[in-house]
Amino acid sequence: MSGTLRKVGVPILFIAIVLALWEWAVWVNDLPDYRMASPSDLVPKFWQFRELFLIYSWQTLWRTAAGLGLAVVVGTAIGMVMGFSRVAREGLYPLLVGFNAIPKATVVPIVALIFVGRHDFNTILIAFMISFFPIAVSVSIGLSTLEPEYRDILRSLGASNLTIFWKIALPKTLPEFFGALKVAVTLAFIGTNLMEIVSPHGRGLGALFDSGRISADYPLMFAVLLMLAILGIALFYVVVFLERIFAGWAERAPG
Amino acid sequence: MTDLTIELREVSHAYRTAAGKLPVLDNLSIKVPKNSFCAVVGPSGCGKSTLTRLVSGLMIPDEGQVWLSNHQVTSPRPTVGMAFQNPVLLEWRTILQNVLLPMEIVKTKMTKDEQMARARHLLDLVGLTGFEDKRPSELSGGMRQRASLCRSLIHRPEVLILDEPFGALDAFTREDLWCTMHDLRAEEPFTCLLITHDLRESVFLADQVIVLSGRPAHAQHILNVDIPAPRTLDDLYTPKAVEMLATLRHEIQVAQGRSVAEPAAKPAAHARGPIPGAMG
Chain A
1 MSGTLRKVGV PILFIAIVLA LWEWAVWVND LPDYRMASPS DLVPKFWQFR ELFLIYSWQT
61 LWRTAAGLGL AVVVGTAIGM VMGFSRVARE GLYPLLVGFN AIPKATVVPI VALIFVGRHD
121 FNTILIAFMI SFFPIAVSVS IGLSTLEPEY RDILRSLGAS NLTIFWKIAL PKTLPEFFGA
181 LKVAVTLAFI GTNLMEIVSP HGRGLGALFD SGRISADYPL MFAVLLMLAI LGIALFYVVV
241 FLERIFAGWA ERAPG
Chain B
1001 MTDLTIELRE VSHAYRTAAG KLPVLDNLSI KVPKNSFCAV VGPSGCGKST LTRLVSGLMI
1061 PDEGQVWLSN HQVTSPRPTV GMAFQNPVLL EWRTILQNVL LPMEIVKTKM TKDEQMARAR
1121 HLLDLVGLTG FEDKRPSELS GGMRQRASLC RSLIHRPEVL ILDEPFGALD AFTREDLWCT
1181 MHDLRAEEPF TCLLITHDLR ESVFLADQVI VLSGRPAHAQ HILNVDIPAP RTLDDLYTPK
1241 AVEMLATLRH EIQVAQGRSV AEPAAKPAAH ARGPIPGAMG
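One line per chain: the protein sequences are A and B, in this order.
Going by our numbering, the first residue of the first sequence is number 1, and it counts up by one from there.
Going by our numbering, the first residue of the second sequence is number 1001, and it counts up by one from there.
Do not rely on the hints blindly, as some may be mistaken.
[Stated by the list, open to error] Derived SDA-like pairs: lysine to any residue, alpha-carbon spacing no greater than 20 Å straight-line: (1) A:LYS167 to B:PRO1078; (2) A:LYS167 to B:ARG1077; (3) A:LYS172 to B:ASN1086; (4) B:LYS1034 to B:ASN1070; (5) B:LYS1134 to A:ASP152; (6) A:LYS167 to B:MET1103; (7) A:LYS172 to B:LEU1090; (8) B:LYS1107 to A:LEU162; (9) A:LYS167 to B:ASN1070; (10) B:LYS1134 to A:ALA247; (11) B:LYS1031 to B:THR1079; (12) A:LYS172 to B:THR1094; (13) B:LYS1107 to A:PHE246; (14) A:LYS167 to B:LYS1031; (15) B:LYS1134 to A:PHE246; (16) A:LYS172 to B:ILE1105; (17) B:LYS1107 to B:ALA1117; (18) B:LYS1107 to A:ALA247; (19) A:LYS172 to B:GLU1091; (20) A:LYS172 to B:ASN1070.
Note that these hints are calculated values from the structure, not bench results.
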């Protein structure tokens, strides 16, 4: 099988198998759609609400991407401070872990109250809060585990710390960074939807999910979940694409 | 004086640890004439790597002075090239880009084309022609170390500091690289300071071998290796070389505190020589 065909065909085949199993499980158990909707129930819903799906998907997507962007900037900055300074690492770790252990669902009402009415900002903030932690940790580990010889090679020539960072520390950390970014992508979607569902403000896929719940339209709720999965996969592959450009060297030939 | 490239004058140094001061070097004096090759051997943990960091200016000694070509070393100098046991090639760069790395740091009069030509020439000397555009991960350990050597020489350093660069390689690859070192120095002379655990390596490569005592280290013994150039691996199996190796081995054992200081016993006629790396 050729490379491209395998890369595209295999995932599609697997998705098709899962959808078929889902359809079969609902059919064989004779489940009514208010207990478990089947994929075939979702297609009409996608069509019926196609305009809302487009608008709300876009709203959810850009907020998630914005939250993720913020997480990249802040997470990398925190990771750099923790990677280069032992004191900062020891001081910040318990704080970060503690903050990360707080369920973000409980933070949503607080944030909604603090920044009342600023829906976009609130949503982005939650997406950011839930997704920056893995980025910060991976960048700090990448930097703090840099073998001293790498530093010495450039330092012995009189290079500054900034040069060492740009030429060696940063590129060497990229594989870890992208690994964390893949985790962060899916987390950011959770964050966006937490805000959209727990503190409804009528925007994004979360709002569509909520309206499905209110009107007891269970297939619609499932359709929203499926849409979220699709968006998550799409953003994930954007990250994979970027990873291939910037850290493709880290991928070894299979064998 | 003028023809000394590396000179350590009564250098003492201690590390500050939680348990207090840990002296590593004690009144160490070393003189390496221009374009000669000096090997430093000694028991594990005696401060050999500290020595490389002092000579390269990565560290400043507590007492005493380090001089490179009549300049006192107070900070890193771009006239130094370094290579370590770990070749530390940058995985995201091609071999050629790796070799050129120092040129991005050091001020140079060489044009880009000249740099490129020099990099290719060095790679050719070490037998890496055809691998310029490969990634380090596609090369074997010995080839990586060859590329690392090219990188340490690209900016025409006056002094090359080698910290056990061949330590992690298998015996045959190591001997290959020893010969490569001779080829490189025949092509363009430079002063070399080699830290090693391998006594055969030190005798084969160096003009003088310095045996460091146990910690805190001073120069316990200096052996002048008067094997004429060009040297071949066969030179290691002459009675004279075997005798030198026996002397070094004895001195190492003294440094380790396993033997008292007295002249080394004459090796038997059929001696295979000391076991290399036995001190490692």
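Evaluated hints:
Simply put, A:LYS167 and B:PRO1078 have alpha-carbon atoms about 17 Å apart, close enough for the 20 Å limit, and the pair holds. With a CA separation close to 19 Å, the supplied pair A:LYS167 and B:ARG1077 stays within the 20 Å bound. Between A:LYS172 and B:ASN1086 the CA atoms are separated by roughly 16 Å; this keeps the pair inside 20 Å, and the hint holds. A hinted pair counts as satisfied when its Cα atoms are at most 20 Å apart, and B:LYS1034 with B:ASN1070 qualifies at roughly 11 Å.
Between B:LYS1134 and A:ASP152 the alpha-carbon distance is near 24 Å, which puts this suggested pair outside the 20 Å criterion. Of the supplied pair hints, the one linking A:LYS167 and B:MET1103 holds, its CA atoms being roughly 13 Å apart against a limit of 20 Å. For the proposed pair A:LYS172 and B:LEU1090, the alpha carbon gap of about 8 Å is at most 20 Å, so the pair holds. Under the criterion of a C-alpha separation no larger than 20 Å, the hint pairing B:LYS1107 with A:LEU162 is consistent with the structure, at around 17 Å.
The hinted pair formed by A:LYS167 and B:ASN1070 fails the criterion: a straight-line CA distance of about 31 Å is larger than 20 Å. Between the alpha carbons of B:LYS1134 and A:ALA247 the distance comes to roughly 16 Å, so the proposed pair stays at or under 20 Å and holds. A distance of roughly 18 Å separates the Cα atoms of B:LYS1031 and B:THR1079; the hinted pair therefore holds under the 20 Å criterion. For a cut-off of 20 Å, the pair hint linking A:LYS172 to B:THR1094 stands: about 14 Å separates their Cα positions.
Proximity of B:LYS1107 to A:PHE246 is assessed by CA-CA distance (about 28 Å); at most 20 Å being required, the pair is judged violated. A hinted pair counts as satisfied when its Cα atoms are at most 20 Å apart, and A:LYS167 with B:LYS1031 does not qualify at roughly 35 Å. In summary, the hint linking B:LYS1134 to A:PHE246 is supported, as the alpha carbons are separated by about 17 Å, within the 20 Å threshold. With a C-alpha separation of about 18 Å, the suggested pair A:LYS172 and B:ILE1105 falls inside the 20 Å cut-off, and the hint holds.
This hinted pair checks out: B:LYS1107 and B:ALA1117 have alpha carbons roughly 17 Å apart, not beyond 20 Å. Of the pairs offered as hints, the one joining B:LYS1107 and A:ALA247 is violated, with about 29 Å between alpha carbons and a cut-off of 20 Å exceeded. For a cut-off of 20 Å, the pair hint linking A:LYS172 to B:GLU1091 stands: about 8 Å separates their Cα positions. Annotation: proposed proximity of A:LYS172 to B:ASN1070 is violated, straight-line Cα distance about 37 Å (limit 20 Å).
Hints 5, 9, 13, 14, 18, 20 from the list above are not met by this structure, while the remaining hints are.
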